[in-house]
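Engineer: The hints should help you fit chain B onto chain A, whose structure is shown.
So the protein sequences, as listed, match chains A and B. Counting along the first sequence from 1, when you hit position 277 you're at 277 in my numbering, and nothing is skipped either side. Counting along the second sequence from 1, when you hit position 29 you're at 29 in my numbering, and nothing is skipped either side.
Since the list gives no way to pick out one identical chain from another, each pair is judged satisfied if it fits inside one copy or across any two copies.
Below 30 Å or equal to it, Euclidean Cα-Cα: the simulated DSSO-like pairs (lysine-lysine) are:
| id | residue 1 | residue 2 |
| --- | --- | --- |
| 1 | K169 | K158 |
| 2 | K143 | K169 |
| 3 | K149 | K270 |
| 4 | K149 | K43 |
| 5 | K2 | K169 |
| 6 | K280 | K158 |
| 7 | K143 | K6 |
| 8 | K143 | K43 |
| 9 | K2 | K22 |
| 10 | K149 | K76 |
| 11 | K280 | K254 |
| 12 | K158 | K6 |
| 13 | K73 | K42 |
| 14 | K22 | K84 |
| 15 | K251 | K143 |
Derived by calculation from the structure, the hints in this document are not laboratory data. For clarity, every value in this text was computed on a predicted model and none was experimentally measured.
What follows is the residue order along each chain.
There are 2 protein chains.
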Amino acid sequence: MKIITKISESREEINIFRCVGKRIGFVPTMGYLHEGHLSLVKKCREENDIVVVSIFVNPTQFGAGEDFERYPKDMKNDTDMLQKAGVDFLFAPSAEEMYPTGSSTTISVSGVSDGLCGSSRPGHFDGVALVVTKLLNIIMPNKAYFGMKDYQQLQVIKRFVTDLNMNTKIIGMPIVREADGLAMSSRNVYLNSEERKSALCLSRSFALVHEAIEGGETEVSEVKHIVESFIKDHPHTRIDYAQFVDPETLKPVKDLSRDFLLALAVYVGKTRLIDNNLFKVM
Amino acid sequence: MKIITKISESREEINIFRCVGKRIGFVPTMGYLHEGHLSLVKKCREENDIVVVSIFVNPTQFGAGEDFERYPKDMKNDTDMLQKAGVDFLFAPSAEEMYPTGSSTTISVSGVSDGLCGSSRPGHFDGVALVVTKLLNIIMPNKAYFGMKDYQQLQVIKRFVTDLNMNTKIIGMPIVREADGLAMSSRNVYLNSEERKSALCLSRSFALVHEAIEGGETEVSEVKHIVESFIKDHPHTRIDYAQFVDPETLKPVKDLSRDFLLALAVYVGKTRLIDNNLFKVM
Numbered sequence: 001m002k003i004i005t006k007i008s009e010s011r012e013e014i015n016i017f018r019c020v021g022k023r024i025g026f027v028p029t030m031g032y033l034h035e036g037h038l039s040l041v042k043k044c045r046e047e048n049d050i051v052v053v054s055i056f057v058n059p060t061q062f063g064a065g066e067d068f069e070r071y072p073k074d075m076k077n078d079t080d081m082l083q084k085a086g087v088d089f090l091f092a093p094s095a096e097e098m099y100p101t102g103s104s105t106t107i108s109v110s111g112v113s114d115g116l117c118g119s120s121r122p123g124h125f126d127g128v129a130l131v132v133t134k135l136l137n138i139i140m141p142n143k144a145y146f147g148m149k150d151y152q153q154l155q156v157i158k159r160f161v162t163d164l165n166m167n168t169k170i171i172g173m174p175i176v177r178e179a180d181g182l183a184m185s186s187r188n189v190y191l192n193s194e195e196r197k198s199a200l201c202l203s204r205s206f207a208l209v210h211e212a213i214e215g216g217e218t219e220v221s222e223v224k225h226i227v228e229s230f231i232k233d234h235p236h237t238r239i240d241y242a243q244f245v246d247p248e249t250l251k252p253v254k255d256l257s258r259d260f261l262l263a264l265a266v267y268v269g270k271t272r273l274i275d276n277n278l279f280k281v282m
Numbered sequence: 001m002k003i004i005t006k007i008s009e010s011r012e013e014i015n016i017f018r019c020v021g022k023r024i025g026f027v028p029t030m031g032y033l034h035e036g037h038l039s040l041v042k043k044c045r046e047e048n049d050i051v052v053v054s055i056f057v058n059p060t061q062f063g064a065g066e067d068f069e070r071y072p073k074d075m076k077n078d079t080d081m082l083q084k085a086g087v088d089f090l091f092a093p094s095a096e097e098m099y100p101t102g103s104s105t106t107i108s109v110s111g112v113s114d115g116l117c118g119s120s121r122p123g124h125f126d127g128v129a130l131v132v133t134k135l136l137n138i139i140m141p142n143k144a145y146f147g148m149k150d151y152q153q154l155q156v157i158k159r160f161v162t163d164l165n166m167n168t169k170i171i172g173m174p175i176v177r178e179a180d181g182l183a184m185s186s187r188n189v190y191l192n193s194e195e196r197k198s199a200l201c202l203s204r205s206f207a208l209v210h211e212a213i214e215g216g217e218t219e220v221s222e223v224k225h226i227v228e229s230f231i232k233d234h235p236h237t238r239i240d241y242a243q244f245v246d247p248e249t250l251k252p253v254k255d256l257s258r259d260f261l262l263a264l265a266v267y268v269g270k271t272r273l274i275d276n277n278l279f280k281v282m
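Bound-form chain A, shown alone:
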């Protein structure tokens, strides 16, 4: 695995393979890798000739007061994991390399970026759109892989990649969970042992929704009440949102008679966790 920190070098190295017809696969990450990331890398390895992973904690997608400064890092462990996973290139640029003069350019996506994390984290998806556009333009992959834990992010990325005619296929991969159901996240490291227990309320609430649906319940307000009460019963939790939305538009659904996504953002202690589940309704 070759580690590259410069944009120009990245272009040169990868171009060699592109121009002999090799398929380039790309997994953008913020590092502090876990099994969720590795599932993307594995899929990328299967589907492409050359696998590029980036590690870049992107300042423009963090808001004031968020955890940019303390976002966890372990470059040594990340490098080992990626090496073992058969990655060809690790692109790990500095913030100066990515934003030498900041950015005068903003990319905004309307519709799917409204609501949910778009409301809770103003400017977050603009920051994501900017850095993903930059990375896709630098790596120019045939396919890029993103986890579905960040479901809204995935929809935003698919939207602007289509709108801007970017020549990359965006692949969403299923959420990877710990044995007890907690969605894997680099931010799980922030949780103390009590919080770690409470954090199970997100994934466990999905079972309650299944039960309610199977019991014939179609009222959003009823099921929402069940979920919110369940989460609130767990110590140290504070609900940011618990929304039942259309899986395509991410607009709130009126009832639960068709497919819907339950999207959750819950503070557990000071840590903001997200999770979601797609419910297929007969």
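Structural biologist: Only chain B this time, still in chain A's reference frame:
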């Protein structure tokens, strides 16, 4: 010259040449071509192996009440001109091909897009940024060529191409003028014979500025007054703006002791004309 109307076909055709190392040059236009466009095509022909020209009257860069509906068209003549100029591919997509579902994505450039046409035509540069990004992502040229008559547009494009790490070099080419000095523009066809005479006030005002500067004048307000009075003395004219700006930032300059750009937008009858001149001060 091959005429292509579909994005997928354009990708396929051009990819063949890209992947054998051919240099791809691109000239995006809105058609109704004149010698200004041809100067771009000529330079593009000189500097590249494959020359792609697009003709697309982009709806998203026109404001309400502007001339989108009546923008002049002459596909037959355009095609003949491009054929003679040695163009390899003419990309002429429909609006449906370019915007099958509209666009949820907006690209905005702060700084250089403020003021001048950015003030007079709200949303114009967002529309330009969107369509140029789409076209560059479709054609993926090594170099793309733009005229300096649209000086602010050129600065906006250079800015977002840099910010987004797009892999295309943006080349600005000098304004091409009629024998009497009028800057070539597809919109000149709107002018009746009286307006055509009045339209000379734009380019002729540059000589007055030269005179004033050589006479030692450095006060913006003085020279601006000379220019505005001169333009107003011509029948059917209405000044949109006459601004003395920094050639890089496009912010108004405080005095005329350093290099500056005089940027003009003047209605002649109902036709809005723009022109500009870079003044190099010793």
